[in-house]
Every structure is written in C-alpha cells, then in structure tokens.
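S.K.: Take a look at the letters that make up each chain.
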Amino acid sequence: DAGVIQSPRHEVTEMGQEVTLRCKPISGHDYLFWYRQTMMRGLELLIYFNNNVPIDDSGMPEDRFSAKMPNASFSTLKIQPSEPRDSAVYFCASIHNLGTRGTDTQYFGPGTRLTVL
Amino acid sequence: GEDVEQSLFLSVREGDSSVINCTYTDSSSTYLYWYKQEPGAGLQLLTYIFSNMDMKQDQRLTVLLNKKDKHLSLRIADTQTGDSAIYFCAESSDTGRRALTFGSGTRLQVQP
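Heads up: the protein sequence lines correspond to chains R and Y, in order. Counting in my numbering, the first sequence runs from 1 upward without gaps. Counting in my numbering, the second sequence runs from 118 upward without gaps.
It is possible that some hints are incorrect.
Said to hold, decoys possible - In silico DMTMM-like pairs for lysine to aspartate or glutamate, Cα to Cα no more than 25 Å straight-line:
#1 Y:Lys187 - Y:Asp120
#2 R:Lys78 - R:Glu44
#3 Y:Lys187 - R:Glu44
#4 Y:Lys153 - R:Asp30
#5 Y:Lys187 - Y:Asp171
#6 Y:Lys184 - Y:Asp120
#7 R:Lys24 - R:Glu11
#8 Y:Lys185 - Y:Glu122
#9 R:Lys24 - Y:Glu155
#10 Y:Lys184 - Y:Glu122
#11 Y:Lys153 - R:Glu44
#12 Y:Lys173 - Y:Asp186
Keep in mind that the hints were calculated from the coordinates and are not lab data.
Turn these sequences into a full structure, and let the hints guide you.
M.R.: Pasting the structure below:
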C-alpha cells in the first residue's frame with residue numbers, strides 16, 4: 001500500500017487566497033483525521049471523519065476552514081480566505097476500526113507545508 | 118479536557134540510553150502511544166501500550182507505564198544518530214472517540 005497520500009507537499013500562497021489541501025487515506029481505512037502542526041501549538045486535531053461523515057469538528061479554528069470527504073478515498077481541507085497565521089504543516093491520518101481497541105494505529109501522511117505570505 | 122505533557126529537549130551521546138518522559142491527565146486513557154517524527158516527514162508509530170500493562174519491550178525500545186502516577190516513558194537502548202527526531206507521546210481514551218491527544222513532542226539529539 002502507498003500509505004496516506006497528501007498533496008501538495010508544499011504550498012505558498014498570498015493572504016486572502018483560497019487554499020485546498022488534499023488527502024487520500026489508506027484503502028479500507030474508515031476513519032480520517034486532519035491535524036495541524038505549529039511550533040507554538042504543537043499538533044492539533046482539526047476534524048475527523050468516520051465513513052465519510054464528520055464526527056468532531058470542534059478543532060476547526062474558524063469558519064474560514066472547511067473539510068469534506070465526498071468518498072472513502074478522498075478528503076479536502078479548504079481555507080478561504082487564508083491568513084499568515086494559517087501557516088503550518090497540515091497532516092492527514094487514517095485508521096481502520098477493527099472494533100478492537102489498541103489496533104487504532106493512526107497512519108500519517110507526509111504533510112503539506114503551507115506558507116501564507 | 119485531556120492534557121499530555123513532555124519535556125521539550127533531550128541530548129544524549131551515541132551508544133547511551135535515552136529516556137523520554139510523558140505525563141497525562143486523562144484517567145480514562147486506555148491506550149498510550151509513542152510516535153517518531155523525522156525532519157520533513159509525518160509521524161510514524163513506534164509502539165503502543167495498553168493501560169493494563171506496566172511494561173512493553175520491542176527490540177531497543179522499552180515502554181514503562183505507571184498508571185497511578187499517569188506517567189509514561191520510552192527508553193531507547195544503544196541510541197544511534199538515526200534516532201535523532203521528535204518523539205510524541207499520545208493517548209486515547211475509551212470513550213468511543215477515535216482521535217488521539219498528543220504531547221508537544223521531545224526533540225532527541227544524539228551526539229556522535
């Protein structure tokens with residue numbers, strides 16, 4: 001398996017522009033997570049999905065952020081309009097819920113490094 | 118809410134043992150994880166431990182869990198320069214919520 005795939009790996013944009021980050025989870029995984037990593041705040045959970053349905057979006061910082069999962073193999077995280085404080089590395093992760101706790105190993109993608117000028 | 122804390126930095130010499138510590142507050146934590154992040158990469162699971170275990174060993178890695186004190190440690194024996202990375206402690210609780218709560222990460226620097 002190719003693992004969790006994220007694109008782009010790097011994104012540089014100007015303040016006010018729309019940014020779309022993409023994620024392809026591991027095939028067969030039914031949970032998908034979006035995290036943001038910054039020096040100041042560490043790793044923060046933004047939102048996660050189960051079977052394409054958003055379960056917890058309490059970590060989404062504000063209405064400028066939105067996430068969708070139109071099917072089991074694709075998710076997007078959109079920021080509109082982007083601001084310099086959104087600069088961070090955004091990670092996507094997925095797990096397969098086997099129904100047995102302890103096997104919820106989260107597999108992370110390589111991340112998208114976003115810079116908003 | 119849940120909180121996971123780690124020291125920020127650890128420096129050791131090659132060949133020595135490294136011990137990275139973590140404390141957590143959620144008494145319902147049932148699974149605790151150690152992840153490794155190398156520069157420019159995502160997080161990679163190193164090992165995990167169930168809360169009903171005190172210790173788990175996997176080759177050079179030893180995880181110790183003191184559930185009473187809510188303290189978790191990761192020992193790396195014979196530390197190598199390739200072990201230089203950021204190590205994250207994470208916990209999940211048995212509430213049906215699948216998300217993990219991560220610590221801030223400990224940067225391990227291995228000096229030759």
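S.K.: Are the hints correct? Go through all of them and say.
M.R.: Each hint, compared with the structure:
no.: 1; hint: Y:Lys187 - Y:Asp120; in the structure: holds, 11 Å
no.: 2; hint: R:Lys78 - R:Glu44; in the structure: holds, 16 Å
no.: 3; hint: Y:Lys187 - R:Glu44; in the structure: holds, 21 Å
no.: 4; hint: Y:Lys153 - R:Asp30; in the structure: holds, 23 Å
no.: 5; hint: Y:Lys187 - Y:Asp171; in the structure: holds, 11 Å
no.: 6; hint: Y:Lys184 - Y:Asp120; in the structure: holds, 15 Å
no.: 7; hint: R:Lys24 - R:Glu11; in the structure: holds, 17 Å
no.: 8; hint: Y:Lys185 - Y:Glu122; in the structure: holds, 16 Å
no.: 9; hint: R:Lys24 - Y:Glu155; in the structure: holds, 21 Å
no.: 10; hint: Y:Lys184 - Y:Glu122; in the structure: holds, 15 Å
no.: 11; hint: Y:Lys153 - R:Glu44; in the structure: holds, 16 Å
no.: 12; hint: Y:Lys173 - Y:Asp186; in the structure: holds, 17 Å
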